[in-house]
Amino acid sequence: MIIYWKLFLSFLITNLLGYGGGPATIPLIKNDVVNRHHWLTSLDFQEAFAMGNSLPGPIATKMAGYIGYKVGGLIGSFVAVFATVIPSLFLMILMMSILYRNRHSIRVKRMTSYVKPIIVVLLGLLTYESFSESILSIGILQVIFIALCTFLLMEKLKIHPAIIVFVALAYGAINL
Amino acid sequence: MKQKDIFVAFFRSSILGYGGGPSTIPLIYKEVVETFKWMKDEEFSDVLAIGNMLPGPINTKLAGYIGYRIGGMIGMINAVLATILPTIILMILLLTTLTSFKDIKWVNGMKESIVPVVGVMLGVLTWQFYKSSKSGLKTPTIMIHLIVGLILIQFLHIHPGIIIACLLLFAVFQPVKTTSSNSKTDKGEAT
Chain A
44 MIIYWKLFLS FLITNLLGYG GGPATIPLIK NDVVNRHHWL TSLDFQEAFA MGNSLPGPIA
104 TKMAGYIGYK VGGLIGSFVA VFATVIPSLF LMILMMSILY RNRHSIRVKR MTSYVKPIIV
164 VLLGLLTYES FSESILSIGI LQVIFIALCT FLLMEKLKIH PAIIVFVALA YGAINL
Chain B
86 MKQKDIFVAF FRSSILGYGG GPSTIPLIYK EVVETFKWMK DEEFSDVLAI GNMLPGPINT
146 KLAGYIGYRI GGMIGMINAV LATILPTIIL MILLLTTLTS FKDIKWVNGM KESIVPVVGV
206 MLGVLTWQFY KSSKSGLKTP TIMIHLIVGL ILIQFLHIHP GIIIACLLLF AVFQPVKTTS
266 SNSKTDKGEA T
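Keeping their order, the protein sequence lines are chains A and B. Numbering-wise (my numbering), the first sequence opens with residue 44 and increments by one. Numbering-wise (my numbering), the second sequence opens with residue 86 and increments by one.
Simulated from the structure, these hints should not be mistaken for lab results. C-beta atoms are modelled at their ideal positions from N, C-alpha and C, and glycine is treated no differently. There could be a bad hint or two in this list.
Unchecked claim - Lysine-lysine pairs mimicking DSS-like chemistry, simulated, CA-CA at most 25 Å apart:
(1) B/Lys125 to A/Lys199
(2) B/Lys190 to A/Lys201
(3) A/Lys152 to B/Lys125
(4) A/Lys152 to B/Lys223
(5) B/Lys223 to A/Lys113
(6) B/Lys87 to A/Lys199
(7) B/Lys122 to A/Lys201
(8) A/Lys152 to A/Lys49
(9) B/Lys125 to A/Lys201
(10) A/Lys152 to B/Lys216
(11) B/Lys122 to B/Lys87
(12) B/Lys216 to A/Lys199
(13) A/Lys152 to B/Lys87
(14) B/Lys219 to B/Lys125
Said to hold, decoys possible - Not everything, but these chain A residues come out facing chain B in the computed CB check (under 7 Å):
(15) Ser85
(16) Met94
(17) Tyr109
(18) Gly115
(19) Gly116
(20) Gly182
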């Protein structure tokens, strides 16, 4: 019983402290899981992280699910994922429903328009990071080629992004 | 029917989202705003802003809230499970059976080839949000916001959550009557 409680607290605290989404919490989780509780060795953790990175989907929940499973079986997995997801989701629903209830007030409408440029900056930075990271790993020619194809398929031919992602994955598996 | 759509939308965007949280944002946008038309641009942008302000993984916050908004409690559970369950199961299965998955060359190739695709999607989304931000603010104001925001986030490394929180507080506490058009007429009357 005590192990589930520890798992819960560990993933609750690391995720609430980890501002900036999944990737930002990884060092915190590592510190807690490896250095404090000794649930995994540093090497185990690295391996799990590498594996998590080569699978799709959010990284924080994959790590929580796997570490929880290692420590406490299926229940452990559930507890760790629950602690990762639910508290921040609850806050999110609370804040959004306050906004939604007052959506016709001028102040709330103003919020929407004030915040939008920051979202533009954030998305712009993510775009920049994707390209710069990618140029370092596969070279500028590949990046230009893939990006151009994506743009044409998505914007001009209006092909569903799922299909484009599949094509890109296949191209990467064969060619890179 | 709606629950099935919720599951499909979040399963698809999560399983195709290589590279963690941020890379799935354009995919979620595509499903929620364009494919199923559950939300308008504005609302999605608000969800993204609040999501960025709060701690914890961004995907599950987006999925959980949007699921909740569309399909209530069941929608929320549905969306979160569709987002996280398939990959957690894969992760546990693969890590407990084989150990050197990460060194397989074609897996790395797949991972690397997807990054520019995500880059283009994020770029397109950035442009869309830029265009739609013009409906609430004037272009020079947006430019100032963009430049100040960029400097604060990229060069001074201030967490975007803090900036968003400040802007939200400002929007709440700024007196309602002094909008830019009003202040102009005030000045005009004074002279």
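**Prompt:** Holds or violated: glycine 115 of chain A as interface residue toward chain B, Cβ cutoff 7 Å?
**Reply:** violated, 13 Å
**Message:** Tell me if the straight-line CA distance from lysine 152 of chain A to lysine 87 of chain B falls inside 25 Å.
**Reply:** violated, 28 Å
**Asked** Quick one, are lysine 152 of chain A and lysine 49 of chain A close enough, alpha carbons at most 25 Å?
**Response** violated, 42 Å
**Prompt:** Keeping to a limit of 25 Å between CA atoms, is the pair of lysine 190 of chain B and lysine 201 of chain A held or broken?
**Reply:** violated, 31 Å
**Message:** What's the verdict on lysine 122 of chain B and lysine 87 of chain B, does the C-alpha distance respect the 25 Å limit or exceed it?
**Reply:** holds, 12 Å
**Item:** Restraint check for lysine 152 of chain A with lysine 125 of chain B, where alpha carbons must lie at most 25 Å apart
**Value:** OK: lysine 152 of chain A and lysine 125 of chain B at ~14 Å, within 25 Å.
**Restraint status (C-alpha distance of lysine 223 of chain B to lysine 113 of chain A at most 25 Å)** = Cα-Cα ~54 Å, so violated.
**Asked** Is the straight-line distance between the alpha-carbon of lysine 219 of chain B and that of lysine 125 of chain B 25 Å or less?
**Response** Holds: lysine 219 of chain B and lysine 125 of chain B sit about 15 Å apart, inside 25 Å.
**Pair hint outcome, lysine 152 of chain A versus lysine 216 of chain B [Cα-Cα no greater than 25 Å]** = With Cα atoms ~17 Å apart, lysine 152 of chain A and lysine 216 of chain B stay inside 25 Å; holds.
**Prompt:** Can the hint on serine 85 of chain A be confirmed by a CB-to-CB distance to chain B that is less than 7 Å?
**Reply:** violated, 16 Å
**Asked** Within a Cα-Cα threshold of 25 Å, do lysine 216 of chain B and lysine 199 of chain A meet the stated pairing?
**Response** holds, 19 Å
**Prompt:** Does the structure keep lysine 125 of chain B and lysine 201 of chain A at a Cα separation of 25 Å or less?
**Reply:** holds, 20 Å
Comparing the model with each numbered hint stated earlier shows that hints 2, 5, 6, 8, 13, 15, 18, 19 and 20 do not hold.
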